[in-house]
Every structure is written in structure tokens, then in C-alpha cells.
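In case you want the letters, here they are:
6 protein chains.
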Amino acid sequence: MSNSMLVVTAHVGDFVWRCGGAMALHAQRGVPVHLICLSYGENGESNAAWQGAAPVERDAVKQLRRAEAEAAAEILGVASLDFYDLGDYPLPESPESVQRISQTMRATRPAVVLTHPEHDPSNLDHCRTYEMVLRARMQAMAPGHGADHVVPPQVLCFEPHQSELCGFKPNLLLEITAVWEQKWQAMQAMPTQRNLWTYYERVALQRGAQAGRRAKSVGTLYGEAYQSIFPAVVPAFVE
Amino acid sequence: MSNSMLVVTAHVGDFVWRCGGAMALHAQRGVPVHLICLSYGENGESNAAWQGAAPVERDAVKQLRRAEAEAAAEILGVASLDFYDLGDYPLPESPESVQRISQTMRATRPAVVLTHPEHDPSNLDHCRTYEMVLRARMQAMAPGHGADHVVPPQVLCFEPHQSELCGFKPNLLLEITAVWEQKWQAMQAMPTQRNLWTYYERVALQRGAQAGRRAKSVGTLYGEAYQSIFPAVVPAFVE
Amino acid sequence: MSNSMLVVTAHVGDFVWRCGGAMALHAQRGVPVHLICLSYGENGESNAAWQGAAPVERDAVKQLRRAEAEAAAEILGVASLDFYDLGDYPLPESPESVQRISQTMRATRPAVVLTHPEHDPSNLDHCRTYEMVLRARMQAMAPGHGADHVVPPQVLCFEPHQSELCGFKPNLLLEITAVWEQKWQAMQAMPTQRNLWTYYERVALQRGAQAGRRAKSVGTLYGEAYQSIFPAVVPAFVE
Amino acid sequence: MSNSMLVVTAHVGDFVWRCGGAMALHAQRGVPVHLICLSYGENGESNAAWQGAAPVERDAVKQLRRAEAEAAAEILGVASLDFYDLGDYPLPESPESVQRISQTMRATRPAVVLTHPEHDPSNLDHCRTYEMVLRARMQAMAPGHGADHVVPPQVLCFEPHQSELCGFKPNLLLEITAVWEQKWQAMQAMPTQRNLWTYYERVALQRGAQAGRRAKSVGTLYGEAYQSIFPAVVPAFVE
Amino acid sequence: MSNSMLVVTAHVGDFVWRCGGAMALHAQRGVPVHLICLSYGENGESNAAWQGAAPVERDAVKQLRRAEAEAAAEILGVASLDFYDLGDYPLPESPESVQRISQTMRATRPAVVLTHPEHDPSNLDHCRTYEMVLRARMQAMAPGHGADHVVPPQVLCFEPHQSELCGFKPNLLLEITAVWEQKWQAMQAMPTQRNLWTYYERVALQRGAQAGRRAKSVGTLYGEAYQSIFPAVVPAFVE
Amino acid sequence: MSNSMLVVTAHVGDFVWRCGGAMALHAQRGVPVHLICLSYGENGESNAAWQGAAPVERDAVKQLRRAEAEAAAEILGVASLDFYDLGDYPLPESPESVQRISQTMRATRPAVVLTHPEHDPSNLDHCRTYEMVLRARMQAMAPGHGADHVVPPQVLCFEPHQSELCGFKPNLLLEITAVWEQKWQAMQAMPTQRNLWTYYERVALQRGAQAGRRAKSVGTLYGEAYQSIFPAVVPAFVE
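Chains as they are written, first to last, in this note's numbering: chain A, 97 to 335; chain B, 97 to 335; chain C, 97 to 335; chain D, 97 to 335; chain E, 97 to 335; chain F, 97 to 335.
Here chain A stands alone, though its shape is the one from the complex:
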């Protein structure tokens, strides 16, 4: 049975802050977690790398971010990691990349794909990624593109930087306390975006508090929020 997870992000840092907990948690449970980063985020999400005293080349920034992403992915237990190097701010349209994502879907047969939400006026790279994922999903389902077509996977959008600005409406809270330490280490493997560490630690604590509220749990909890795009087929509401 298909039980893998595919994560598609616009920039290398996104998977750590937004769904690093889900990745570690599923990897720990034996679910293969595949990761695609459409760009290195070299232009718009590597500010620290550009702010040193000495001039820096774009390729050096890309190498740096790639190394950080590989380190973080390893901490989270990622099964495969693919960099498309499309450039960012803005991320260009790329039918070839849509096809390439669809081929990864055919090869890995994910039950669920994690990606950015549909809207974000402050970051259209995220919107474009969402659209590319949905388009790739169609391509992966189509018999005319190969007999290995897939059952259409669920798509879950992870949390953007400012949820309300993006119309993000989470309907799933994932409790990630058991893997928080891993997520925190993966965040620290990204010193180029050091400025985001405490921000996303607080995000995890807020989502954990919300999850605990519904569950009357005790102790400090960490969480991540997700919004499902398609109706989920469930066997029951109460166990």
C-alpha cells in the first residue's frame, strides 16, 4: 500500500519551519518522506548570507543553503531530497518542473503531499508552488501520461508566515512534541535564517497549546497546523 509523504516547498528553509515536525514524526514511524525544494531561496530568503562585510556570489549563497538544507533534512530523517534550482523572488513558471514533480509522485506514490497554501500576497513564490503541485497531481493521475498513474493524494497546506494574511484556515493540528527536539535541531542547522528560530518556536508552542486545549493534555506541547484541500475519506469519527 502507498504510505509515503511528499513535501514540496518554494525555498529551502520552508520545510523546516513549516512541516519539520510532520516530516520527523512520519520518518520515525517508517513512512518514507520525500522532499522537493524548488529553489535555494538564495535571493529573498538568505538575507544573512548577503549581509556580511565582504561581497558574496549568488552561487556561494546557493551552495550554503543547499548544505544547510541537506543537514536539516538528514536530522528530520528525509528519504530523498531533490533541488530544482529554479531561482526565487520571483520563482518562475515552469511546466517542466510540474512534469518533474508529477514523475516523483508516480515514483513515490505519496498518500499525502505537503505544500504551501494557495494565497500569500507577501510571497507569490508560495502561491506558484501550490499551483504547480496541484497541476503535477493532475499529471500524475492521468493514464495518458503513463500506466503508472496514481491514486490522487490528499494535499495538506502547511502554515505560512502570517496565517490571516494568507486566508489560511487550519483544520488539522499535528502534535509534534515527541519530535520537537529534532525539529529544533533542524532549525538550528539553518543559521542563515537564525532570525526565524524563536518566531517558529513560538508558532510551535501556540499550535501545541491549541492542540492541548482540545485534548486536555498536560505539560508543554508543540504542534503544527495544516489545512486539507480535499475532503478526507474517514472510516469513523469516534474510535
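Possibly wrong hints are sitting among the right ones.
Copies of the same chain look alike in the list, so a pair counts if it fits in one copy or across any two.
To be verified - Listed next, the in silico SDA-like pairs over lysine to any residue satisfying Cα-Cα at most 20 Å (straight line):
1. K265 - G308
2. K265 - A167
3. K265 - A332
4. K265 - P217
5. K265 - S324
6. K265 - R309
7. K265 - Q302
8. K265 - N143
9. K265 - F179
10. K265 - G242
11. K265 - D178
12. K265 - V152
13. K265 - I325
14. K265 - S218
Simulated from the structure, these hints should not be mistaken for lab results. This structure is a prediction, so every number in the text was calculated from the model and none was measured.
Given the structure of chain A, go ahead and fit chains B, C, D, E and F onto it with the hints provided.
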């Protein structure tokens, strides 16, 4: 552990068409299913009863609908059934009923409450029921109303008659094929609304087809659609 | 066949500014137009009446507004006019008024009801009127409230003072050029709200321009905008 | 006077399931119905054609779907039929196709254009078609692209596969009982998508039931649902 | 000139977590800040008070919460404080309270009113407060309720506990770093809700980070988020 | 400190009707106002130019519109004016133009950018402009595209032709009475779109009336409406 289900409907017929499958399925799995009908639907949802040649009294209509509801509930395996007899078309506001629902919540400690969606311009009784359920949920959670306060249950809205008119956005599809026969019998236990039988048989087939599409199932499937109001806390996305 | 129109407004002035054209147009075509004003708008929409040098009694304001409304209604060709005198700013809840509106619906059997839109944060009297109309519509449809139950009428919301603030999304434009003169006279029959004359003349010109745009008409046009609540059953899209 | 209808779909099957009734009804009334299919749906909507024992070529699938579409269009009384053969799953962007649609608009001068709704996360080909139609509509209105510019037609979106998922809000119900037999035959002229026959028969019955409810009709009714994009200019609300 | 601020909350704690910074900041600038608490939150928002070993009376809880609110209000520099003691979970409807709020508006003539947002399925007391404030605003504007009628104030909604669940869309960020120490002390003056301290400290840090992002500020910032209900009349966009 | 304003429009006429008041007002206050027109609107928004007796060349229309725009811009006090000449109806995608806008942002460092709103089914050129502006804003913020990266400016959408059709929700009203005469002259400097003069005069009067209503002003007021995309960081709510 709390594992019961509470269903609150505006009129007696609603539970059969809208969530009869969920009720039968959970009852079959050993989940206690409790049912509250705020009215008999005697004025606005018992048309056949009023259309005979001979004049009919409202009390007779209420008795008829009560008997039908009891028969249908038994077929579905309901654990308890409560009629509030508030009157319908329109259903009046009733703080006392809110409190009474909250007491049932305290007594039965449901993990999930099924009720009408928030909006329905063609049937404000449904909207009022939704609001009463949310208000009762608050009252049931409050320590100041008794030490037996509950962990706040999830609220799932079942399908209205015209989904788009009501802004209904289902995010959960429940496959009910295994209990379809029971639901169909429960529907037939309501001859006063015989005109709805084939309509809701088709609704079940459409929702089943949609569920099957996501699951690549074969054979005829039956389904029901639901919209969750609160984020669900989940342990994982992929088993 | 049923072919009457029912208009229900919160305050006496509303019918003139918002749907005076539709009223005159239909009256002219022989459609009986019935009007219900839930209040005289004496507190919040009669400012000129309160601003004179001499003190004024509330009853005097009500009489004044009633006389204005009767004059305007006559100009527009209204078939019947009913004042509920519920008070305004705020308009109170009134189950009795809901029932009374429903009885008028049973008596007049309107094909369409014109009223305020659902939302208006600056004027909750309008929202309450909308809700009362929908509730009365249910009551009028219910066989249990009398054998003279009606086929449910379409509900059309007329334009609020600030459309975007109210989430008003018109899907119907009525060209009222042929009756503009009548509407203008009816507006002038309401000197207490003289401050609104040019505002609503401009509204009519804007809606007329929008209607003309779609129809490639020439000359000055006047219009009114409406939003339908229920799907309309149409025989064809093109004549 | 302009009185034609233009239908633009992403894939060949769409016009049958979604607006075959409107097409037959208007053709029967003497309205010329023009049809544009942007792709043959060969990759993603011809599953049965790919699932045989023997391998199949894409061109053969396209020929098959073309023949089916021609047969269905003839049954529905289509006046002209144009295949753009853009490919599908995904349908590519095509400014040339936008221009070509605009030229058909100039040539046929439709009063109304039927196409897909704006949103559909499960099928971005539908969204792209919607956008291409709106862009072509602009191009057709512009004097700078030729003196034969058109009065902007109304755009009506037909029903997607899962209405709520697409945010589809129908405001028009077309009763198609008189042409149901034709629509049913046209559906059967598409054996490649045999799996959709009963699904869309039920859609027609549900929309017919909803139309009948508003009209108090008797007997089995069939219907189709539409959402208008632009305000409609109407001469009256009640005849 | 009118330059006061009015805050209306459902429960005593709300003003501290949600707008304590705005209150302290404006008080510091010499703006009179008036506060109305519709209930003591004794039933649903005083959990710690009910969880001791010994039984406790509702009146004792109310006294405790009142004292906490008075202490917090003093820290924040509140000019006047009014408790309506309506009860909570649920907060009842109260036309008398609407009138009383409107009288405070007439007396204090606020330029802005801070209150809860319109929607919150987990806490209908907040929704009811919003509605009461808007209704009171109407009553305060109406000449028929007294010659001291007010210019309608702006209404700003402060942040609910789970912003996305409530459809909260902030369009204003208030930087409160200068008064954070006061807000933090006011929070600590509410030990009954000690469980919320760190949650709302993190909310303030997140909103501060978002404010700083737009302003390229440095250092730790604290903020609060607000959503305006009415269009703001502004003299310019750039100073 | 940055205090300039950048205006980006799809067609040359747009800046006059939609934000001419804001431009004149800020220019008068010493704020440099920079203007980019992506097209001359030669195809779709120059109807009068194409309707003469003699045939006309597209280049002549473009020259005409350019001259009109230059005259209007001078009246409004524009500091710089850039024509991209991309063509219109439809306006094509253009990554190069996105980059060029971003370079202007880097050079002029606007505190605020005025442009079209996100949605407009009747004019996709407006939507594309909005998207290009947001994409250019990202590019201008990115250190990897140059060390002169900017603090992200606020984006304010000005009013479309039919606000409700576009989902336009203004939250800012700018009172432009002091510069109305200039705006009116700028409108008259565009005789090719003479048909819009009175329409937009009425828009200005309606927005002025709405602004006055909130401010209890007297006399005839003129206004413009805007919707902010990002939360504004404000120092206080009451002065």
C-alpha cells in the same frame, strides 16, 4: 475514555437523511449514539400528514412523527432519544433548551456532536439549532456550571438540503456502505416524508462516488459528507 | 397565478431609496405591490425632524414619517401599506411580527419579496429585518400553520447604503428609467431625509450606467441593483 | 439581434455532463449553439481508452474522443464544433487560443458563454479555461482588435464534479426535462466515460428536484445548475 | 474634540490579553480609556478558582475576578470601569445592556470602540458582545434617543484566542513595546488565568515581529493586532 | 526617510479616475509621486479614438493616449512617468516588466504602492497588474537582487469600475476635496474617455459623502476609496 456521539437536529426527520449512516456505523462499532430532536417538524416538515382528505390536529401529527422517529432511531441503534417539542417553522429561541442540551453533554460526554450547518436561508430552524449546540457546548465546558464539565467535543455539521445555498464545505466523507441497508430502512420508517427517499438515496450515492474516487474503491458505495467546525488534533497523516 | 410583490423594510424611508423603481415599475405593469414598514425610523432615520429649534415629541415624528411614507407609496402605486411601529435603533426582535409578515405572505402570495441584505454592521435593524423575512417565509410555507401555505417566494435584497461594507453582491440590475420620474417624486415626498436625495440619484445613475454597459444602450439610464438569495428557475438563457 | 450561445470546455466530455441540457434546449428553440473543446481530454479523462489489454497510442485516443464528441454534439443540435487540441492534464497556457476564442466570439456574437467555474483544485484545466474565456471576452470587446467588437456577453459557469470543493454557488437552475432524453443519449455517445453516466443522471435529478421545489411542479424533473459571473440586466422580477 | 476610547468585553480577563497594550498606550498619551465588562467570566473563564480542594461559591468567584480586573485596569490607567454582571457561558441577550452601553457612548463620546470580533464558534459570548456593541452604537447615534447623539465611532476588533477559527483578519498592528511592562504586570494581576500568561506573551511577540518586519525595526518588539469594521477616513497615506 | 508613492496601472486612464486625487494630494504635500502605465489602453480603453469616420492606426491611438496621460499627469503633479507599452486586452505576462517595476521600487523607495485590486472578471489586465506589482515587490525586497533592497511597501488597491463585482472591500477613505479641481481637470485632459467623466465625478461624490458621514463634515466632499493589502503598523488609534 469518552467515546460517545451526540446528534442534535431541528426536526425529527433530519437525523435519518443527514447522518443516519454515521449513527448506524458508530452504534455498530459500540459507540453510544445519543439523539436530541428539538421539534417534531410538525408544521413545516410533515406535509404528507396535513394533506389528507380529513382535517388533522397538530397533536396527531406530532404523535405520528414521534412514532416514526422512534422507529427510525431503533433501526439505527440509537442509545437514547430525547424530544424537546419546541415547535417549528420557526423554531423559537430557548435558553432552557441550551441548558438542557449542555446537561446531556455533561451526562454523555460526547467526543463528537453532529448537527446542522451554520447557514441556511431556506431553513433558519437549522441555523438556530447550530447556534444552540455551540452555546450548549460552552455551557458544558464551564466549571462554574458544575464540576462535571467536559472536554469540548468536536462539532461536525451534516449535509443540508442544498449544500451550496448554505455555504456547506464538506471536509470529511464517511463511507457508509456497510450500513446503507439500515439507513434505507430508517428512511422508509418515515413515510410522512416519502418524497425525500430517492433524493437522499442519490445524495448517498454521490457522496459514495466521491469517496470512492479518492480511494480507488470498486463497487457501489454510499457516503455522507460532513464539515468540521474545529481543528482536529491528529496523531499522523499517514498510517 | 401568483404575481404579486412584497416589500419589507426596517424604516419608512428605505423603500423609496432602495427599491422605489422596482415598485413603480411593477405597479405600472399591473403587479400588486404590497409594503410593510417595520418601524417609522423615528429615532435614527428622521434626523431633520429632531433638529428644529423647538422640542419635538416622538409621536409627532412618527406621524410625520407615516404621512411621508403614505405619500411616497401612493406615488409609487403601492397596493397596500402596513406599518408595524416596532421602534428603531434598535429594532427589537418580534416573533409576533414574523407571524404577521407570514400571514401577509399567505394573503398576498408574492412571487418575490424585496428586503434588506443579510449583513450591515452600521445598521443591525436591516439585518434583523432580513432574518425576520426569511423566518416569515418559512412560516408561510408550513402546512401546519394553515392550508393556505405558499410556494416559497424568491427573496431579492436591495442595495444598502454602503454596498461593500455589507458584502452586498448584486447579480441583478433593474433598469428603471421609465419610472425614474416617479421615484424622484417619491424621494421628494420624504423631505425629512432630504440629505439623501442626491446620494440616491447618483446611485440610480451609477446602476443605470452599469446596466447600459451590458446592454450597449444610449441615453441616460437609471437603475437599481439586487442580489437574489435563492437560485432562480429559468426557462432559458437566450430568447 | 445577437442570440447565439457559445460553450467552451477544457475537455471533450465536459459539455455533455455539465451543459448538454442547455445546449439541446436552446438548439431546439432555434438558438445557434457553438462549441469549442480546448483538448480531447486524451490524457486525463479517457481512462477507459487506456485500460484495455493492448497498448494504445495517444493519437488513437484523440481520434476516439473526437468521434464521440462529434456524435454527442450532433445529438444536442450543435451548430458548429471546434477542437483546439491543446493537450490536457495539464492544459497549457495559450495566448493564441485566447485570440482564437475571441475571434469566434466576434463571428458568432453570443449573448451568453457557458464555461467552467473559476476554481477547482482537482482540475486546474478547468480554471485555466475559465480564465481564457474571460480574457477572450476582453479581446472580443476591444475596438482596437477590430471594428466587429462585441457587446460583452454574460458568462455562466456550469457545474463542476464536486460543487462545494470548487466554491460553486449556482444562482440559476435550468429545467431540462423536455430535452433530457437527448442529453441522456449524448451521454451514452461517450462510452469512454461510461463511469460518469449514472453520476450525472443523479446530478440532473437533484437539480430537477431543486427546481421543482421552487416551482411546485409535479413529476420527475431534470435540471442543470449555473452560476452567473456578471449582473444580469432584467426588465422585471414578476411577469 | 472627542478623543476617548471605549473597551467592551464579554469577560473580565479579555481586556488584558487582547487590548491591554492599546489601553495603556492611549492612557499614557492622555486619552481617557473607559472599560465595560459584561460579565465576570465567573463560569467559563475562571477555571483555577473552581479547581481548589474546597468548594467555592459563585459569588466568591465573581468577587475574586472583580478584584483582579480592578487591579489590572488600574495598572493600565483606565479612566472608568463598569461591570454589568450579566453572567457567562452563555452570556444572555440583554436589550437593557445595549441601551446602557449606548448611554456610556453618549457620555464618553469615544472616537474608537474596541471589542471582540464578529465570529467565534468556540465562544458565542464574544459574538454576542460584538453584536451588542454595534447595536449600542446605532442607539447612541440616533437623535430620537436624545440630543446628545454621537458621531459614529470606529469599531476595532481585537484578537481572539484562535484567529483563523474566527475568521479574524487584522489590518492594523499596534506596536506596544513602550507599554509592554505594564501589560505584563496587568496579566500577572490575573492569577486566576495564569495559564494564559505565556500564551499571550507569545502572541505579543509574534505581532511585534510582524510589525517590525514592516518597519525594519530592531530589538524585541511587542504588538497587538486589530481589525477595523468601518472604513477609516484618512488625511493622507504618506507623511 | 522614504516618503514617495508609486502608482502602477494597466492602462493610461486608470490613474486619473481611480487615484488622481491621492496623487494630487500627495504631490501637493511634497511627496514624490511616480507613475507606471503598463499599456496605453489602446485596444480596449480608447473607444472614442476608434469610432471616428476615418480609419485609424494603432500607433496613432497610442500617441494620442500617451499625450493625454502626460497632460493629466502634469496636472496632478507627477514626479516621473513611465510607459511600458505592453499592449492591452489582454495585457501579456512579462517577467521583464516585473523586474523593471522592481527596479523602480528600488530607485524610488515608495512607502506605498497604489494599484488595481486582485479580482476583476471583466478586466483581467487589472488582475495581472496586481500580480505583477506583488511580484515586483518581492523582487525589490530580495538582497540577492542587489544591496539596495527595500523595506516592503504597503500596497493599496484603488477602486475598480464595479466594486462589488471585484470583491473590492475598501477600508480607507481619502478625502480629496482640496484637490478635486485638479482631478477634474486631469479627467478632462482625457477626452478619449469622455464617457467616464460624470461616472467618476459621481464616484467621488459618493465616497466623499461616505467620508463625511463618518466625520460629520459639512459642505460637498469628494473622496476616493482604497483597500490595504497588508496590515498597517500604527502608532495609536486616537490622537
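Hint by hint, here is what the structure shows:
{"no.": "1", "hint": "K265 - G308", "result": "within (18 Å within a copy, 24 Å between copies)"}
{"no.": "2", "hint": "K265 - A167", "result": "neither (31 Å within a copy, 36 Å between copies)"}
{"no.": "3", "hint": "K265 - A332", "result": "between (23 Å within a copy, 19 Å between copies)"}
{"no.": "4", "hint": "K265 - P217", "result": "both (16 Å within a copy, 14 Å between copies)"}
{"no.": "5", "hint": "K265 - S324", "result": "both (9 Å within a copy, 12 Å between copies)"}
{"no.": "6", "hint": "K265 - R309", "result": "within (18 Å within a copy, 23 Å between copies)"}
{"no.": "7", "hint": "K265 - Q302", "result": "both (15 Å within a copy, 18 Å between copies)"}
{"no.": "8", "hint": "K265 - N143", "result": "neither (29 Å within a copy, 28 Å between copies)"}
{"no.": "9", "hint": "K265 - F179", "result": "neither (29 Å within a copy, 35 Å between copies)"}
{"no.": "10", "hint": "K265 - G242", "result": "neither (35 Å within a copy, 33 Å between copies)"}
{"no.": "11", "hint": "K265 - D178", "result": "neither (29 Å within a copy, 35 Å between copies)"}
{"no.": "12", "hint": "K265 - V152", "result": "neither (39 Å within a copy, 39 Å between copies)"}
{"no.": "13", "hint": "K265 - I325", "result": "both (10 Å within a copy, 11 Å between copies)"}
{"no.": "14", "hint": "K265 - S218", "result": "both (17 Å within a copy, 15 Å between copies)"}
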